[in-house]
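**Q** The chain contents come next:
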Amino acid sequence: NAGVTQTPKFRILKIGQSMTLQCTQDMNHNYMYWYRQDPGMGLKLIYYSVGAGITDKGEVPNGYNVSRSTTEDFPLRLELAAPSQTSVYFCASSYSGGRETQYFGPGTRLLVL
Amino acid sequence: GENVEQHPSTLSVQEGDSAVIKCTYSDSASNYFPWYKQELGKGPQLIIDIRSNVGEKKDQRIAVTLNKTAKHFSLHITETQPEDSAVYFCAADSGNTPLVFGKGTRLSVIA
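Note that the protein sequences, when read in sequence, are chains A and B. Going by the numbering used here, the first sequence opens with residue -13, and the numbers climb by one from there. Going by the numbering used here, the second sequence opens with residue 28, and the numbers climb by one from there.
Since the hints were derived computationally from the structure, they do not count as laboratory data. Any given hint could turn out to be false.
Once the Cα atoms are required to be at most 30 angstroms apart in a straight line, the calculated DSSO-like pairs of lysine-lysine come out as [as the list claims (entries may be wrong)]:
no.	chain 1	residue 1	chain 2	residue 2
1	A	Lys0	B	Lys98
2	B	Lys130	B	Lys85
3	B	Lys84	B	Lys64
4	A	Lys43	B	Lys64
5	B	Lys98	A	Lys30
Label-pair restraints from in silico Cβ distances [said to hold, decoys possible]:
no.	chain 1	residue 1	chain 2	residue 2	range
6	B	Ser79	A	Gly2	43 to 49 angstroms
7	A	Arg95	B	His99	30 to 36 angstroms
8	A	Ser4	B	Thr37	33 to 39 angstroms
C-beta: ideal position from N, C-alpha, C; glycine also.
Required output: the full structure, derived from the provided sequences and hints.
**A** As structure tokens, this is what we get:
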């Protein structure tokens, strides 16, 4: 199993551009999550999904959109990128809810200039 | 909602010494408390967890203690080694919302 994979690893965006961060898991997990980690800070939940077709907002959803059309994929869309979205983005998955281990991807480093 | 405070934010210890990281939580309904380790350039990885029906759990050099009355839990690493250097996150889950993470502790083990 590859686990949780994320692409790209690194991206530079100009202010106002849009992009999609890709996340795929091959563990047949129901739950998937997107976090952002600012320098020296903890993990903030952006969006999560409890299954295909179901998504919900986390702590910091503004400026982002998600979709979950399949169990495996959970892309994160940035519309109109802003410098405040410069961060490292982690995707994670778990078999079920909070008491289950979350498996994290390697992260996508995004720089908005 | 749940709020998790983690201290200290940075910690330096000599190799072979012990390290202790402490967390407090606010929601008395929380009953699952995992700890994640994040090595440089990687995503966090679960290292140990504890549920509310036990007060302590050990796994080799790592132990976690839980005090539900005081709403705090701690990670103890004994005989620290350079490979223990990383950022450690505590988290809490009440079952109603996804895990809430602390802000992390950067542990440096000095050889």
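**Q** Check each numbered hint against the structure and report the violated ones by number, ascending.
**A** Hint 1 alone not satisfied by this model.
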